[in-house]
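Quick note, the sequences are listed as chains H and P, same order. Each residue of the first sequence is one higher than the one before, counting from 70 in our numbering. Each residue of the second sequence is one higher than the one before, counting from 46 in our numbering.
The hints are simulated quantities; they were obtained by calculation from the structure and are not laboratory data. Every residue, glycine too, gets a C-beta built ideally from N, C-alpha and C. Honestly, I wouldn't trust all of these hints.
Simulated restraints, written as ranges between beta carbons of each label pair [as the list claims (entries may be wrong)]:
1. P:Gly426 / H:Gly252: 42 to 50 Å
2. H:Gly252 / P:Thr111: 26 to 34 Å
3. P:Gln432 / H:Gly252: 53 to 61 Å
Partner residues are not named here, just some residues of chain H that face chain P (Cβ under 10 Å, in silico) [unchecked claim]:
4. Leu145
5. Val165
6. Val170
7. Ser218
8. Gly222
9. Phe223
Quick look at which bits of chain P chain H covers, simulated, 3 or more residues with Cβ under 8 Å [unchecked claim]:
10. 467-474
11. 477-486
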Amino acid sequence: MSNGAGRILLDVRGLCASVAGVPILKGIDFTVRAGEVHAIMGPNGSGKSTFSKVLAGHPSYEVTGGSAVFDGVDLLALSAEERARSGFFLSFQYPVEVPGVANAQFLRLAYNTVLGGRGRDELDPLEFDDFVREKMKLLEMDPAFLDRSVNTGFSGGEKKRNEILQMALLEPKLAFLDETDSGLDIDALRIVAQGVNHLRSADNAVVLVTHYQRLLNYIVPDFVHVMDGGRLVKTGGRELALELEARGYDWIGKQAA
Amino acid sequence: MSAVLQNLIDQPYKHGFVTDIEADVVAKGLDESVIRLISHKKNEPDWLLEFRLAAYRHWLTMQEPTWPNVKYPAVDFQDISYYSAPKPKKKLASMDEVDPELLRTFEKLGVPMHEQAALAGVAVDVIFDSVSVATTYKKKLADVGVIFCSFSEAVHEHPELVRKYLGTVVPTSDNFYAALNSAVFTDGSFCFIPKGVKCPMELSTYFRINTQESGQFERTLIIAEEGASVSYLEGCTAPRFDTNQLHAAVVELVALDNASIKYSTVQNWYAGDENGVGGIYNFVTKRGLCKGVHSKISWTQVETGSAITWKYPSCVLLGDHSVGEFYSVALTNHMQQADTGTKMVHVGKNTRSTIISKGISAGRSNNSYRGLVKIGPKAEGARNFSQCDSMLIGETCGANTFPYIQVQNNTAKVEHEASTSKIGEDQLFYFASRGIDAEEAVSMIINGFVKDVFTQLPMEFAVEAGRLLGLKLEGSVG
Numbered sequence: 070m071s072n073g074a075g076r077i078l079l080d081v082r083g084l085c086a087s088v089a090g091v092p093i094l095k096g097i098d099f100t101v102r103a104g105e106v107h108a109i110m111g112p113n114g115s116g117k118s119t120f121s122k123v124l125a126g127h128p129s130y131e132v133t134g135g136s137a138v139f140d141g142v143d144l145l146a147l148s149a150e151e152r153a154r155s156g157f158f159l160s161f162q163y164p165v166e167v168p169g170v171a172n173a174q175f176l177r178l179a180y181n182t183v184l185g186g187r188g189r190d191e192l193d194p195l196e197f198d199d200f201v202r203e204k205m206k207l208l209e210m211d212p213a214f215l216d217r218s219v220n221t222g223f224s225g226g227e228k229k230r231n232e233i234l235q236m237a238l239l240e241p242k243l244a245f246l247d248e249t250d251s252g253l254d255i256d257a258l259r260i261v262a263q264g265v266n267h268l269r270s271a272d273n274a275v276v277l278v279t280h281y282q283r284l285l286n287y288i289v290p291d292f293v294h295v296m297d298g299g300r301l302v303k304t305g306g307r308e309l310a311l312e313l314e315a316r317g318y319d320w321i322g323k324q325a326a
Numbered sequence: 046m047s048a049v050l051q052n053l054i055d056q057p058y059k060h061g062f063v064t065d066i067e068a069d070v071v072a073k074g075l076d077e078s079v080i081r082l083i084s085h086k087k088n089e090p091d092w093l094l095e096f097r098l099a100a101y102r103h104w105l106t107m108q109e110p111t112w113p114n115v116k117y118p119a120v121d122f123q124d125i126s127y128y129s130a131p132k133p134k135k136k137l138a139s140m141d142e143v144d145p146e147l148l149r150t151f152e153k154l155g156v157p158m159h160e161q162a163a164l165a166g167v168a169v170d171v172i173f174d175s176v177s178v179a180t181t182y183k184k185k186l187a188d189v190g191v192i193f194c195s196f197s198e199a200v201h202e203h204p205e206l207v208r209k210y211l212g213t214v215v216p217t218s219d220n221f222y223a224a225l226n227s228a229v230f231t232d233g234s235f236c237f238i239p240k241g242v243k244c245p246m247e248l249s250t251y252f253r254i255n256t257q258e259s260g261q262f263e264r265t266l267i268i269a270e271e272g273a274s275v276s277y278l279e280g281c282t283a284p285r286f287d288t289n290q291l292h293a294a295v296v297e298l299v300a301l302d303n304a305s306i307k308y309s310t311v312q313n314w315y316a317g318d319e320n321g322v323g324g325i326y327n328f329v330t331k332r333g334l335c336k337g338v339h340s341k342i343s344w345t346q347v348e349t350g351s352a353i354t355w356k357y358p359s360c361v362l363l364g365d366h367s368v369g370e371f372y373s374v375a376l377t378n379h380m381q382q383a384d385t386g387t388k389m390v391h392v393g394k395n396t397r398s399t400i401i402s403k404g405i406s407a408g409r410s411n412n413s414y415r416g417l418v419k420i421g422p423k424a425e426g427a428r429n430f431s432q433c434d435s436m437l438i439g440e441t442c443g444a445n446t447f448p449y450i451q452v453q454n455n456t457a458k459v460e461h462e463a464s465t466s467k468i469g470e471d472q473l474f475y476f477a478s479r480g481i482d483a484e485e486a487v488s489m490i491i492n493g494f495v496k497d498v499f500t501q502l503p504m505e506f507a508v509e510a511g512r513l514l515g516l517k518l519e520g521s522v523g
């Protein structure tokens, strides 16, 4: 899969960030090349989700040091919506409910904004309906989800499928999937993983942020990183995830200390 | 609150210009001589002067209500001019005779007149300060027997109708502001749809307060006879002054057997600046009487303006099987305060009412829904459904719901649902992470929120109302 020859999509150097004055990320170095799959694992509170949100541009986090270059562009200089338009995608751990806004309307606006910005034709509601239904088949989603309000009353698994549907629509260069496996039963996990695998190509990359290794049985990573205390403290291959599963995270903390 | 959100809600008021027209203004202050003067200037019959004086005498015994959830310094009722009319004031036979300056004002406001009126198929009655300036389409309406004219004109041309219905829905002693209005009202609109006639076009009135220290006290009376139906639209704006102006209108609707009246309002009075200086005090009494069997009255309001809104468009469901509806969007921003809602009074059998209220609060504003559902002892089988939703934008605004339910008949069915949601950083970040900027996100969320109400508005009005919400919150909406 990865031969280290793909172009560099993301290059993070010494990234530090804090929320409400409390430092969370304390110097992260992280490089992703096109065609790769990375997994970032680590105990609760290690900074995994913060790392994803900082890269996506969440306004509550303040970057206090370091750099992040995304496909040749200074990612940190862009607003959150510009990051999305330039091909960065975050699948949310807790997708936000938006009562009153039909999912189809939301998805179409996102599609037209992001892909329209890349020169693709904007789709009217009828064209979009055909287009999105095809994508939904991939995730075995009921078309009824188009008429419901965005994420409102969706089960945990339905929300996650809706996130991956957005990934399918927006065709990101780099997708961070934050705890996409949490809340999924085993069938849903398989379907979502198949969906992600289907979207992979030599030109894009996926970063799986996860607590458990079971997702990695379906989406096989090239690299596994362990985050602890706001730093990536260990990097290995697929086997590292299995070792973490067997031994927990404690031994890494001791090793790193 | 994020800077983006702050910018979005800080859009300036677009109707804040003053039209430089010489006006005939009566000196400030109120006593019986002022009322006699108004009545005299309008060449009114004695019975109407008596109506005014009785109202005034009762008003003197009344106290300004303090129960609404709004705060403002006491109004000095002697510091208001109770009559202001554009000069020169002569009888206008057609639109061409209207002062061009005035027409330009209405063009700026986007009021459909002239050809616009023809295209839109809207008959417009325009109230400028206190006097009705022109009514378009009167002749076409007259062909089918519909009377649509200024209130003053109705007093002279159709005194028997005015006298029969005036004050029958909102008695002069009803409340403090209704009594004041009954004493000093200067003009308004009158609309009569005879038996069996479906009014062939939307009727529309546009109100504007132009003078700095005048109050606007208009009076609207709409009567739909047996089997008649009408859709009536009302829009309001005012220039930007740093003093407060009082608007105390009374609207009365009467629907006889099988008649239906749909009354839609888009209210965009000047709301004061971001620090709460200036703006209109909107203290309005609107009530409809479903007098006949199977009659129906439907209120739809989009309230975006005024420093203070105190308004409860209501239905008295007297006729058996009559239907009352109230659909409302109330938006408050900056220092605005709104205490608005409805009353549904079920008297007849199998009467039904629906209340859908959507409150949106931003800035440091305070938005309250207050509603009464009353089921009388004889209202067998009465039904009510109420839904009151509030949306908060940012951290410094407030929303309240005060539902009052009184049921005196155990066959009645009353349902009440309420919800509160919030547009916060997380929702906007979710949209942003899909490439959608805050302006479009807020627009989409708000439009989703108000959808159930906007679908009740006539088409052109829905477009205008959507645009208005956009202006109030986002600057420009596509």
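Status of the hints after comparison with the structure:
1. P:Gly426 / H:Gly252: 42 to 50 Å: At 46 Å between Cβs, range holds.
2. H:Gly252 / P:Thr111: 26 to 34 Å: violated (51 Å)
3. P:Gln432 / H:Gly252: 53 to 61 Å: violated (30 Å)
4. Leu145: violated (15 Å)
5. Val165: This interface hint holds because 4 Å falls under the 10 Å limit.
6. Val170: holds (4 Å)
7. Ser218: holds (7 Å)
8. Gly222: violated (13 Å)
9. Phe223: Violated. Min distance 13 Å.
10. 467-474: It holds, with 4 qualifying residues against the three required.
11. 477-486: holds (count 7)
In summary, the structure is inconsistent with hints 2, 3, 4, 8 and 9 from the numbered list given earlier, while agreeing with the others.
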